[in-house]
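Undergrad: Sequence:
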Amino acid sequence: TNTSYRDISEIAASTSRPQDVLGLHFFSPANVMKLLEIVRAEKTAPDALATSVDLARRIGKVAVVVGVCHGFVGNRMLAARGSESEALLLEGATPSQIDQVFTDFGWPMGPFQMGDLAGLDIGWRNRKARGQKAVIADTLCEQGRFGQKTGRGFYLYEAGARTPVPDPEVEALIRDKAAEKGIAPRAISAEEIVERTLYPLINEGAKILEEGIAARASDIDVVWVNGYGFPIGKGGPMFWVGLEGPARIIERLEYWHQRTGKDVFKPAPLLKRMAETGSWEAGG
Numbered sequence: 149t150n151t152s153y154r155d156i157s158e159i160a161a162s163t164s165r166p167q168d169v170l171g172l173h174f175f176s177p178a179n180v181m182k183l184l185e186i187v188r189a190e191k192t193a194p195d196a197l198a199t200s201v202d203l204a205r206r207i208g209k210v211a212v213v214v215g216v217c218h219g220f221v222g223n224r225m226l227a228a229r230g231s232e233s234e235a236l237l238l239e240g241a242t243p244s245q246i247d248q249v250f251t252d253f254g255w256p257m258g259p260f261q262m263g264d265l266a267g268l269d270i271g272w273r274n275r276k277a278r279g280q281k282a283v284i285a286d287t288l289c290e291q292g293r294f295g296q297k298t299g300r301g302f303y304l305y306e307a308g309a310r311t312p313v314p315d316p317e318v319e320a321l322i323r324d325k326a327a328e329k330g331i332a333p334r335a336i337s338a339e340e341i342v343e344r345t346l347y348p349l350i351n352e353g354a355k356i357l358e359e360g361i362a363a364r365a366s367d368i369d370v371v372w373v374n375g376y377g378f379p380i381g382k383g384g385p386m387f388w389v390g391l392e393g394p395a396r397i398i399e400r401l402e403y404w405h406q407r408t409g410k411d412v413f414k415p416a417p418l419l420k421r422m423a424e425t426g427s428w429e430a431g432g
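Take 149 as the starting number for the sequence shown in the working numbering and just add one per residue.
Worth flagging that the hints you see were computed from the coordinates, not collected in a lab. Here the structure is a predicted model, which means the values were calculated and not measured. A virtual CB, placed ideally from N, CA and C, is assigned to each residue, including glycine. Treat each hint with caution, since some may be false.
What the hints assert, rightly or not - Listed next, with one range per pair, are the computed distances between beta-carbon atoms:
{"no.": "1", "residue 1": "Pro-316", "residue 2": "Val-201", "range": "45 to 53 Å"}
{"no.": "2", "residue 1": "Val-201", "residue 2": "Glu-306", "range": "40 to 48 Å"}
{"no.": "3", "residue 1": "Gly-299", "residue 2": "Arg-206", "range": "36 to 44 Å"}
All chains, please: the whole structure from these sequences, using the hints.
TA: The following block contains the structure:
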């Protein structure tokens with residue numbers, strides 16, 4: 149599959165051989181992206197997992213075994229980043245400003261350029277199925293702005309070009325939606341963008357480790373370096389916690405949790421434990 153929103157355990161339960169059922173989540177474009185999430189269902193047998201790992205090796209993929217949850221490992225963490233990226237737009241940031249912070253950090257592209265590349269309609273369909281909203285992205289999709297494939301998304305694209313051009317219409321739309329919600333625009337710093345997009349992503353990673361969806365912190369790092377372009381020089385999001393300082397991350401998460409009331413900022417117990425011990429313990 150190329151989607152991470154299938155319950156593999158539910159599929160397995162409808163078969164006569166649930167021990168032989170697992171998921172293979174390829175990343176788009178599959179001929180380029182090396183990552184393969186191998187999804188272990190509730191009753192998947194060890195020999196089935198071993199066969200899938202061998203298959204991944206033979207087709208040149210970097211395999212990571214993950215458990216069943218909505219979004220598996222990568223896209224579940226991505227959702228935490230995405231919700232705050234949109235919130236920052238409504239509060240005064242622009243798509244190009246946020247994307248610039250990401251490229252300055254070392255990513256190949258920021259969240260809005262990436263969304264345009266992947267196709268905004270993919271996330272739109274998933275949100276509709278789950279009764280969720282992302283007011284800016286949803287409005288763009290309602291206008292037929294799906295990203296590069298339609299020549300318009302968060303950015304404009306000239307015919308045959310992949311270079312994003314900031315669109316005054318999108319920035320006007322953002323201001324209008326903010327006004328409808330009674331949000332007065334303010335200056336947003338690069339530091340705030342990092343704290344509100346990458347720290348919740350890490351926090352979600354800690355929850356994934358707590359739940360046993362990923363076996364090791366290093367597995368999460370492999371997912372993010374090989375599937376999402378996390379800067380390899382920073383080792384991956386969970387390794388980067390040690391470089392950034394877990395105590396600082398927790399302090400800023402608590403600040404934003406108090407200020408916004410959003411659960412995405414409530415520090416995970418495992419993250420707090422990591423700050424005390426310097427190790428992800430069960431997360432390795």
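Undergrad: Run every hint past the structure and note whether it holds.
TA: Hint check results:
{"no.": "1", "hint": "Pro-316 with Val-201: 45 to 53 Å", "result": "holds, 49 Å"}
{"no.": "2", "hint": "Val-201 with Glu-306: 40 to 48 Å", "result": "holds, 43 Å"}
{"no.": "3", "hint": "Gly-299 with Arg-206: 36 to 44 Å", "result": "holds, 39 Å"}
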